[in-house]
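*Asks:* Below, each chain spelled out in residue letters.
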Amino acid sequence: MAKRESKLVSKIDINMTPMIDVVFQLLTFFMLTLKTVIVEGDFNIRMPLGASAGAAEEDPIPPLILKMTATPEGRLAGVQMGGKSVVGQDLLGELASADVMLDNALAAARQGNKGPLGPARRAKQQTAEELTRALQAQILDAFGNDLSRAELTELELDCDPGLKYDHVVSAITAASGVIQGDEVVPLIQKIKFSPPKKGK
Amino acid sequence: MARKRKSAAATDIDMTPMIDVTFQLITFFMFTLNFTEAEQDQRIQLPTSQVAKPIENADIEPLTLQLMDDGRVIYNGEPVALLALGDYLENEKSVMIAASKEPSAATVVIRADGRARTGDVQQIIRSCQEKGFDKFTLRAEYKGP
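Going line by line, the protein sequences match chains A and B. If you're matching positions, the first sequence starts at 94 in our numbering and goes up one per residue. If you're matching positions, the second sequence starts at 335 in our numbering and goes up one per residue.
Just so you know, the hints here were simulated from the structure itself, not pulled from any lab data. In this text, a Cβ means the ideal position worked out from N, Cα and C, and glycines have one as well. Heads up, none of these hints are tricks.
Footprint (simulated), chain B over chain A, 3 or more residues, beta carbon under 8 Å:
1) 113-126
2) 130-141
3) 220-234
4) 243-256
5) 268-274
Examples of chain A residues toward chain B, derived with CB under 8 Å:
6) M109
7) G167
8) D259
9) V261
10) V277
Modelling step: build the complete structure from the supplied sequences, incorporating the hints.
*Replies:* Following this line, the structure appears as C-alpha cells:
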C-alpha cells in the first residue's frame with residue numbers, strides 16, 4: 094500500500110528543467126532588446142509655402158520677433174527683442190563656457206574617455222534652462238498680464254545661420270509655454286523662422 | 335540507507351519563488367519592449383526642453399529627417415549630404431503621389447542635434463518646402479519640471 098502511494102506521488106512531479114530553460118531564453122531575449130526610451134516632445138512650426146515668396150499677411154497683431162545672433166563658433170552672441178538686447182553678458186558667458194565644456198567632453202569621449210561627459214551635459218542643460226527663464230521673463234513682460242493675447246501672436250525667429258540649434262530650442266521653449274506648478278500654460282503657438290536674408 | 339535518502343531530498347531546491355520572480359521580470363521586459371525602430375538614433379543628441387508637447391498624431395505617417403551635428407542628414411538610416419537631400423525628397427514625393435496623397439499631408443519631423451547649425455535646419459525646411467511638404471515639427475527631448 095505504502096509502496097504504491099509513493100509511486101503515484103513521484104508521477105505527478107513535473108520536470109521543470111525545459112520550462113526554466115525556455116523562460117530564461119525569453120528573459121534574455123527581452124533583456125537584450127530593451128532600449129531605454131527617451132521621452133520626446135514636439136514643437137509644431139508654421140512654415141506655409143507662400144511665406145518664403147514674401148506674401149504679406151494681414152495679421153492684426155504684429156509678430157514678436159526674436160533676433161538671435163551668433164559668434165563665428167556658433168555660440169549665442171545676443172538676443173534682441175524689439176530692438177533691445179534681452180540677455181545679459183554674464184549669462185551669455187555662462188552659455189559659452191558650458192558649450193566649450195561640452196565640446197571638450199565630447200572630444201574626450203571620442204578618444205574613449207567618458208568621464209567628464211555627464212557633468213558637461215548637466216551644466217549645458219542648466220544654462221539652457223537659465224536662458225529659457227531669462228527669455229521667458231522678457232516675453233511675459235512684453236505681454237503684460239494679458240496671456241490670451243500671446244496665443245494670437247506669432248513668434249518669428251530671426252537667427253544667424255551659424256547659431257547652434259539648442260539655443261533656438263531654448264527660445265522656442267521660453268515662448269511656447271509657462272510652467273505653473275505642475276501644468277503648462279500655453280503661450281505663443283505660432284512659431285516660424287524668418288525667411289533668409291537676400292544679401293547672403 | 336534511510337539517511338541517504340533524506341540528504342537527497344534536502345538538496346532539492348524549491349523552484350517556485352525563482353519562477354515567480356522570473357515571470358515577473360519577463361512580464362516587465364515584455365511591456366517595456368518598444369517596436370518603434372530607428373526613430374531614436376544614437377548619433378543625435380536632441381536639445382532638451384521642458385514644455386515640448388508629447389508626440390501626437392502617431393498614426394500619420396511621418397517623414398523623419400535627422401540632422402547630425404556635422405551637417406549631414408540621416409535619411410532611412412543612412413547619412414546623406416544636406417545638399418543631396420532634394421533628390422531623396424523628390425523620391426519621397428513621387429511615392430506619395432503614387433499612393434494618391436499630397437506631399438502636404440505628410441508631417442516632416444525634424445530631429446536635429448543640439449549642436450547642429452540653425453541654418454542647416456532652415457535649409458532642410460526650405461528643401462522640403464520646394465518639394466511641397468509644408469507641415470513641420472521640431473523634436474526635442476522632454477525634461478519635465
